[in-house]
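Heads up: the protein sequence lines correspond to chains P and C, in order. In terms of our numbering, the first sequence opens at residue 6 and continues consecutively. In terms of our numbering, the second sequence opens at residue 6 and continues consecutively.
None of these hints come from the bench; they were simulated from the model. Zero decoy hints are in this set.
As the list makes no split between identical chains, a pair holds if one copy fits it or if it spans any two.
Straight-line distance between alpha carbons at most 27 Å, and here's what the computed DSS-like set of lysine-lysine pairs gives: (1) Lys261 / Lys289; (2) Lys258 / Lys218; (3) Lys296 / Lys262; (4) Lys261 / Lys78; (5) Lys251 / Lys296; (6) Lys289 / Lys262.
Owing to the predicted nature of the structure, the values given are computational and were not obtained by experimental measurement.
This is what each chain is made of:
There are 2 protein chains.
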Amino acid sequence: MSHLERFYSGDPVALARLITHVENRGPETDRILAQLYPRTGKALSIGITGPPGSGKSTVVDKLCALYLGRGKKVGIIAVDPTSPFTGGALLGDRIRMQDLALNDGVFIRSMATRGSTGGLALTTTEVIKVLDAFGKDIILVETVGVGQVELDVAEACDITVVILVPESGDSIQAMKAGLMEIADIFVVNKADREGAPRIASEINMMLDLKREKCRREFPVVMAQAVNNVGIDELLGRIDSEAERLKSGDNFEKHRKKMIRYDILKTVEHRFRNRLLDEILSREKLDDFVEKIFAGQGNPYDLARELINDLK
Amino acid sequence: MSHLERFYSGDPVALARLITHVENRGPETDRILAQLYPRTGKALSIGITGPPGSGKSTVVDKLCALYLGRGKKVGIIAVDPTSPFTGGALLGDRIRMQDLALNDGVFIRSMATRGSTGGLALTTTEVIKVLDAFGKDIILVETVGVGQVELDVAEACDITVVILVPESGDSIQAMKAGLMEIADIFVVNKADREGAPRIASEINMMLDLKREKCRREFPVVMAQAVNNVGIDELLGRIDSEAERLKSGDNFEKHRKKMIRYDILKTVEHRFRNRLLDEILSREKLDDFVEKIFAGQGNPYDLARELINDLK
Chain P
6 MSHLERFYSG DPVALARLIT HVENRGPETD RILAQLYPRT GKALSIGITG PPGSGKSTVV
66 DKLCALYLGR GKKVGIIAVD PTSPFTGGAL LGDRIRMQDL ALNDGVFIRS MATRGSTGGL
126 ALTTTEVIKV LDAFGKDIIL VETVGVGQVE LDVAEACDIT VVILVPESGD SIQAMKAGLM
186 EIADIFVVNK ADREGAPRIA SEINMMLDLK REKCRREFPV VMAQAVNNVG IDELLGRIDS
246 EAERLKSGDN FEKHRKKMIR YDILKTVEHR FRNRLLDEIL SREKLDDFVE KIFAGQGNPY
306 DLARELINDL K
Chain C
6 MSHLERFYSG DPVALARLIT HVENRGPETD RILAQLYPRT GKALSIGITG PPGSGKSTVV
66 DKLCALYLGR GKKVGIIAVD PTSPFTGGAL LGDRIRMQDL ALNDGVFIRS MATRGSTGGL
126 ALTTTEVIKV LDAFGKDIIL VETVGVGQVE LDVAEACDIT VVILVPESGD SIQAMKAGLM
186 EIADIFVVNK ADREGAPRIA SEINMMLDLK REKCRREFPV VMAQAVNNVG IDELLGRIDS
246 EAERLKSGDN FEKHRKKMIR YDILKTVEHR FRNRLLDEIL SREKLDDFVE KIFAGQGNPY
306 DLARELINDL K
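Please construct the entire structure, taking both the sequences and the accompanying hints into account.
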């Protein structure tokens, strides 16, 4: 059996290898992704994002359990843009993952390449495609952190859940609006703590504008994920949103939005790689640096000349 | 007098306009940047980064005052990647800026475009160049947040100062290592609070590896910026680092590193713009989306074809 045949037959080892291949971006990657592409579009991808300490992992675990209870096949991608430097968060993740990985229905992958920002978000969408083609029904994408990578990853998922906690305070303040833009559903986790009603009403206030503009619901779910409080409601809200995306004009609109994102990011990324391989190869870049250091030219004229050469 | 002549004569209004032009990326931007380029390379750019609430603004203000006392001309760039959505932090910044702006020696600019990540970091380096060509001696670049943009901006500065506070806890844990990589100098601010010695010793432990590898100092300064405690020491550490960058082989090495960064980022960015203007113009992208939605092709074959067309 060829590698792809083993993949199609549902072999998790073949799945893991294919993901590694996509992450490492071998010469065959694009050909393989092109081959898998017709098998994609069936899974529901759900981005789970929020500041560190907001309980994302717990929410992901609980949701996963509920989906397994429904007989769904679940894939989990944990995206951690800073992790090559290993933080405490990751160790916890690994321990948790071993627990979950014992369950046959779940495939878990931690993505921890700190490359270019766009690169990590793009690879995540490619891994989503691989899990989708493999036959996963639900793909939970957990992003650790609150930066641009998370916003990019959110764009690549069908539905985005943003988790906040009462005590996040300052850091939430700084990013609330960015999260406001990407969230389909908010969760106020650790809702038994002081300040939970206040943050919920703040979020609701900010959402009112968006609700009016988009003419749809953006729910705020109060939860205590560790005690399984609010998770059923969250699941129900995700169900409704998934239904909405499938109904009427929404299906075509949403699919086209996702395709547009894929095209844009893929073409950009492959062009950038080509640029770095050929036009700005290491040797050429070294030459340019020497020249400009010696007072000949500048980066702006250089860019113009290189683009003109291309035509 | 032409616009550039007014700029060269030291007119802050001409400076502000030129920065706006660079931010908006007009057709003349590259020509102007190319013209200014020979006048750059004199200023010292200092990136100040750290989590929200760590007191970056206060440190920047105090450093600014010390540099003004030395008769230096200071430029401040406040980079806030999330701000089109307005957070609380920005309002405070604006109030502060009015105070500082009363002082003739200081020019302050808040950059708040949420475009592509790379875009914002790149524009920041271009604004640094403009301030440098204008004759600023010191350029303080304050980044609000802790994501990829901040790491990119740090790379674009001569010296990077990372500010942490004892209570940042979780979020620091998640990003400490990323900051570890970019920091030349650490500040533990609010050092009177509980946990300050612990975080300082944690940082020192993590730095020991880097110190050994790079064979140089990476100082950790204990500070209470609001009370002006530790700011003199910080300034001294910045002075030493600036001296080190100028001495021996370091000067050439550092300049070339900065030039390399400029070339890479500029060429990448201009190529990307060209790509979006021509190869993936709105109309073309719409066509591609329709085709793939209709089941014809996929993003990966499309990217390959577009790159082949280019040759």
